[in-house]
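Those sequence lines, one after another, are chains X and H. First residue of the first sequence: 1, per the numbering used here; consecutive thereafter. First residue of the second sequence: 1, per the numbering used here; consecutive thereafter.
Derived by calculation from the structure, the hints in this document are not laboratory data. A portion of the hints provided could be inaccurate.
As the list claims (entries may be wrong) - As a list, the in silico EDC-like pairs of lysine to aspartate or glutamate whose alpha-carbon atoms are at most 20 angstroms apart:
1) Lys139(H) to Glu174(H)
2) Lys35(X) to Asp97(H)
3) Lys133(H) to Asp32(X)
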Amino acid sequence: MAVYKRRYNPYAGSLTPERSRFFVLTRYAFADLFKSRFFVLLLILSLVPILFFAGYIFIANNKTVQLLMQIRSGDLFSVESRYFILIMMVQTQAAFLLNCWVGPVLVAGDLTNGALPLFLSRPFSRGDYVLGKLAVLGLLLSAVTWVPCLLLFSLQSGLAKDGWIWSHLWMIVPIVFCSAIWILMLSLLSLAVSAWVKLRIVATGVIFILFYVPTGLGEMFNAIMSTYWGRLLNFSEMFRLILAKGFREQTGTALLGSYTSEIPVPAAWGVLIFVCLLSLVILNVRLRARETVRG
Amino acid sequence: MTPDPRLIVFENVSKFYGEVLGVNKVTFSLEPGITSLVGPNGSGKTTLMNLMTGLIRPSRGAVHVLGLTPQQPIEFFRQVGYCTQFDSFPPGTAGYDFIYWPLRLHGFAHDQAAKLTNEALERAGMAQVARRKVAGYSKGMRQRIRLAQAIAHHPSVLVLDEPLNGLDPMARAESIALFEAIAKQGMHVIISSHILEEVDRISDRVVLMSSGYVVAEGQIKEVRREVRDHPMQILVRCSNAARLAAAAFELDHVVEAKILTDGHGVLVRTRDAEQFYLLLNKIVSGGLVEVDAVAPADDDVNSIYQYLIGSDGGPA
């Protein structure tokens, strides 16, 4: 039956670079995400606080507007590190909500439909797959955390006088760095949970549970053992601790949590890094090309 | 030893999923053409295909596809096209996107990927419905879009897991014609199925599997010849069936000669078909019997499967 001759010429032209090929998955995911009106609404809502923060910076730096609004300068917050911590705290929570919706959409569908062989029977590894999906969350959560925060920093720099920018330039580091660790932890956790439970809605629920149930358990542990180490299970608070230290602020305030001051910062880092590593282990176990049914 | 760049070679390959056996000590070489993996559910066909496509690594042994291993992913996956058994469709995907995006993963730039996508859609007869969502496709259309996706990047090895499942007779015939056309271009086409009749007609060779083991491999007739200890059935349509049956019984290797109910033929079971054919020649040349037709009655994979593993290869 077969005539053992090739009659076609395989493609011999140029190919896109291997290193950036994971972005194909990212672009496809973005194209898919932006078809959802709910996602677009959620994204817009995540950026709404930025408008208020920007308005506040504008008013805080504009005497005329303050006079028109009959506000005395002393009544306003000064736009300093605490203001940027507040922005970061609001926006990282917005990122958390966005991540709870988007993370499961990215992976659960592929696993439910057995689509991994579709990707992995290409010159495309599991690492590329995770990287492609992480890039979606990374870009998206960046767009609601450090990017607008830096824009607000630029706005303040432009409006403030007396060399404000030079005395506050160091704040760029904690803005970017603290956002990065939060984004990385959220993204890995949501991908891991999605790969684990496979059902989108359930995965969203489990991500919420993973943030709130351990917090409650930690408080119970604290109450029973008369200690404060149970706070290590409160991921948001561990992040706030890192954030405060990054912005050279003292903890133990109403804004930054009243108990975390007793937890050493390296322990907070350890918790977040442990969550990231655990998520990677789960992804490594669950993301397999093998189909579950043998035939 | 350098593996032959023309062959798919399994060298003593075993795959275990923990304590569960996938395939065990599989050794064979496949030449270009259509090869069918046949076996009941759970026999290890999909494991063998996953090994062939680099989706899983063997626990022992080595797999070479056209001289390549999955450790050379760029070259390896360029050569292999895989059409899975399951509905591997990312949610909300349109038929066109289902082919286009994987081509981008292969590294094709937009223009080339679009060209190859359209070409594959044409070949699979799906161009008219390419912009519709896969979720709205019939089962047959899903099979064909999967096939289009598998052939889109011009692979040299096409691995198709149960590709004819759910196809109506027309689509089945079209798919088979497509497989044959692809095989004639010199490609490897590996098909798995538990429906023996359909692969019997189109295959150049079969690999029969049972419980993770390869029980026989080769061209169907060769495999049949290897089953020497099982008598072969030969159907002879002739004018004087009783005379032929009597003559056949005189031979030691003939274990049964049954006259057909219409009286115009004999079904002979023999351990040595060649000796029986010699006898038949003598009888015919002696003018004792007029023979209308002679045909092996169990020279198909179904019969072979029954002989080899005592099952008809149907779903377990």
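Quiz item: CA of lysine 35(X) to CA of aspartate 97(H), is that 20 angstroms or under?
Solution: Holds: lysine 35(X) and aspartate 97(H) sit about 14 angstroms apart, inside 20 angstroms.
Quiz item: Are lysine 139(H) and glutamate 174(H) close enough, with their CA atoms no more than 20 angstroms apart?
Solution: 15 angstroms, holds
Quiz item: Is the hinted pair lysine 133(H) and aspartate 32(X) satisfied, with a Cα-Cα distance of at most 20 angstroms?
Solution: 13 angstroms, holds
Comparing the model with each earlier hint shows no violations; every hint is respected.
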